[in-house]
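Going down the list, the sequences are from chains B and P. According to the numbering used here, the first sequence is numbered sequentially starting from 1. According to the numbering used here, the second sequence is numbered sequentially starting from 1.
The set of hints was computed from the structure by calculation and includes no laboratory data. All values derive from a computational prediction rather than experimental measurement. Idealized CB from N, CA, C, for every residue including glycine. A portion of the hints provided could be inaccurate.
Unchecked claim - Cβ pair distances, simulated, as ranges: (1) I12(P) / S52(B): 45 to 53 Å; (2) E87(P) / E15(B): 18 to 26 Å; (3) K66(P) / G93(B): 25 to 33 Å; (4) H85(P) / G16(B): 43 to 51 Å; (5) R41(B) / V3(P): 15 to 23 Å; (6) K55(P) / D77(B): 30 to 38 Å; (7) N65(B) / H85(P): 39 to 47 Å; (8) Y51(B) / Q60(P): 27 to 35 Å; (9) K45(B) / P8(P): 17 to 25 Å.
Said to hold, decoys possible - Listed next, the in silico SDA-like pairs over lysine to any residue satisfying Cα-Cα at most 20 Å (straight line): (10) K64(P) / L26(P); (11) K42(B) / S89(P); (12) K45(B) / V19(P); (13) K42(B) / K64(P); (14) K41(P) / S83(B).
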Amino acid sequence: RKEVEQDPGPFNVPEGATVAFNCTYSNSASQSFFWYRQDCRKEPKLLMSVYSSGNEDGRFTAQLNRASQYISLLIRDSKLSDSATYLCVVNAGNQFYFGTGTSLTVIP
Amino acid sequence: GAVVSQHPSWVICKSGTSVKIECRSLDFQATTMFWYRQFPKQSLMLMATSNEGSKATHEQGVEKDKFLINHASLTLSTLTVTSAHPEDSSFYICSARDFYEQFFGPGTRLTVL
Chain B
1 RKEVEQDPGP FNVPEGATVA FNCTYSNSAS QSFFWYRQDC RKEPKLLMSV YSSGNEDGRF
61 TAQLNRASQY ISLLIRDSKL SDSATYLCVV NAGNQFYFGT GTSLTVIP
Chain P
1 GAVVSQHPSW VICKSGTSVK IECRSLDFQA TTMFWYRQFP KQSLMLMATS NEGSKATHEQ
61 GVEKDKFLIN HASLTLSTLT VTSAHPEDSS FYICSARDFY EQFFGPGTRL TVL
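With the rest of the complex left out, here is chain B (with noise of 0.2 Å):
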């Protein structure tokens, strides 16, 4: 069974939309998550941290269930330029567990 695993997508809205991804993840000891976003033929780029009580940065929420093991992604009123792929990030030790990412195009 993968660390992490995310639906990959792709996710197809429109303009104004609202979206959300889930990732569930195996380790149960599992310390700290985070959301990244991935251009095409760059980098990760962390998009936000998930805490335990939810945490919302302008139209994007996160939200971690330890109980049921999994964080979703919650993006609101979707702009064109949200279109990347989002991947869900678990750290367990000293380790980093990346999902596969789930693609997102936001249609005009």
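Position chain P against the provided structure of chain B, taking the given hints into account.
Showing chain P alone in chain B's frame:
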């Protein structure tokens, strides 16, 4: 935030040659750096963990004698792809931790002809 640089950003080489990629943490010291490889439309795959002053730890299936890693200082790790072959063509990304967050270099695109 912290910055990680990589050099070169892209390289084309002939099959059988060796290619060295440098990864530098520019404004912080990193005792541990990570090397990843990413094939088209796939996720990042950890190749090895580079530890300053000691041997790197290669992931299962990654040949340590083919992918040589040297972490000579707290700000520099190098990955050498020895006797590169076309199947080694990929996007190589390094990263370094700044206490809590992991920062990625811009990546090196390697094409082996």
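Next on the checklist: Which constraints among the numbered hints does this structure fail? Numbers only, ascending.
Outcome noted: 2, 6, 10, 12 and 13
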